[in-house]
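Chains as they are written, first to last, in the working numbering: chain A, 1 to 249; chain B, 1 to 255.
Heads up, a few of these hints could be off.
[As the list claims (entries may be wrong)] From chain A, some residues computed to sit far from chain B (all C-beta separations above 12 Å):
1. Asp4
2. Ser82
3. Ile101
4. Val207
[As the list claims (entries may be wrong)] Here chain A is said to cover these stretches of chain B; the calculated rule only asks that three of the stretch's residues, wherever they fall, bring their Cβ under 8 Å from a Cβ of chain A:
5. 41-53
6. 56-62
7. 103-113
Just so you know, these hints were derived from the structure itself, not from any lab. Keep in mind the model is a prediction, meaning the values are calculated, not measured. Beta carbons: idealized from backbone N, C-alpha and C, even for Gly.
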Amino acid sequence: MSEDIVLLNSDGLRVDGRALDELRPIKIEAGVLGNADGSAYVEWGANKVLAAVYGPKEAQPKYLQDTAKAIVQVNYNMAAFSGDERVRPGPNRRATEISKITAEALENVILTNQFPRASIDVYIEVLEADAGTRCAGLTAASVAIADAGIPMIGMVAACAAGKIDGHIALDLGKKEDNFGQADMPLGYVPGTGEIVLLQMDGHMTMVEFRKAMDMAISACEQIHELQIGALRRRYAVNYADMDDGGTEQ
Amino acid sequence: MITPFSTSGTVRCLVAIYMSEDDVQRTDRILVIPGESVGDSSLKSGMGTYRRGDEIFAAQLGIVNYRAGFVNVIPFSGKYQPKPGDSIIGLIQDAGPNSWMVDIHCPYTAFLHANETPWKVDFGTTTQYLRVGDIVLAKISQVDETRRVNITMKEQGLRKLTSGQIMRLSHTKVPRVIGKGGSMISLLKEHTGCRIFIGQNGVIWIDGELDGMVKASAAIELIDRGTHLHGLTDEVRTFLLGGTNVPDTNDVDGV
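Just chain A, with the same shape it has in the complex (with noise of 0.2 Å):
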């Protein structure tokens, strides 16, 4: 950690210019691939991220089929050309881990008893990363999710909050990540109030930690109306006149 780097100026604003409370801007846009069942595309200051999902659909090798429910499966990956330097394509340790704590956040929230054998496909593709891709990838793809028509209980929004030079800031920055003391990403279903990730990289007191939490979940909030607007704009018409449609030819 370099001593010299000042994360915070004298006004109290980060080195973007946010206060402590504020988020990145944030971008969300559903349906935008064709091919996959559904699909969301967010945009999170420079963060660049996109989510498909595909299913549910019979699992395949099948011994990884569940008779009792669906298995939920992601695929998170960063594009060659997402960082700085270029990315060493495949799957490495980080990938593997945050695969797979996003599969496991997606599946508290998904009905997964109503598909047994089945297997929910879930590819978050980074292409831009500039911290905290794992919150844009699981808020992506709660929105994917929703939109490809799979029942749930609610959809997760997920927000990082932290400790840059002794203070509690929301959703660090790149600096902020490398350079700050304590990066912890989470994830919340606004509906149930129930978290389902919760990472925590550094060092924050009792007393802090529950400040980053609070911060972190009324940020998890606004996202999750910004989610909700994305969903109705890509569904945005009139149905008023619709009529229900027939079953008999």
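Let chain A serve as the given structure and place chain B on it in line with the hints.
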């Protein structure tokens, strides 16, 4: 008459929007997102919803529908869930010595036993009747708790389809293609001179003269894209009569 909600203010306000005094089946279209509250304990949780505590929430993205004491969410997207009694169109995927595996456009492959066909199939001779790539009109006979699907061709009208073409849409579009009281499908049949059958799984069979089939499939593509728009029947009629609003076939789903 469904008893109106009684508890929270927001829910009561929804009732005023959704239910008119004289017609409880009428629904004004309100889009819901998974996790959004759609009713309270006075209603029963129907399709596309789940219950938590005293409240019912939407589980899928779609429009709410209140009917016969149930609250349902009619989804915009999602995979077909096989139900016994549904008429479907399937594609033979594999042939065994006395059975076939059939792709029925849903997460699960269906099983068609030789005894469930109109023919007397001797052991090992299944491919004389149905081969990989053949299309069948069948009915779902059984779905077990692990979603093993059995289908039958033993009922009247169920058969192998030997001519025509098939289209695959999302099963959520099936009611739109059929139309209220079959209005849309009869319109299609009338103006194209084709025989058309729509499987509950979203697979559509069209058979007739080439011109008619081209017209019918273009019209169905139009329906596929305009699923949520009102006045769809009129739009399709205009298209069938004058050939206006020619759908761009390169655009897969109109996104």
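Now the hints, each set against the structure:
1. Residue-level check passed: Asp4/A sits 46 Å from the nearest beta carbon of chain B, beyond 12 Å.
2. Once the 12 Å rule is applied to beta carbons, Ser82/A is consistent with being away from chain B; the minimum gap is 25 Å.
3. Consistency note on Ile101/A: stated as away from chain B, and its beta-carbon is indeed over 12 Å from all of that chain's, at 21 Å minimum.
4. No beta-carbon of chain B is positioned within 12 Å of the beta-carbon of Val207/A; the least distance is around 31 Å.
5. Counting residues of the region 41-53 of chain B whose CB falls under 8 Å from any CB of chain A gives 3; the rule of at least 3 is met.
6. Closer than 8 Å: that is the beta-carbon criterion, and the region 56-62 of chain B has 5 residues meeting it against chain A, so the requirement of 3 holds.
7. Residues of the region 103-113 of chain B with a Cβ under 8 Å from some Cβ of chain A number 3, which satisfies the need for three, so the listed coverage holds.
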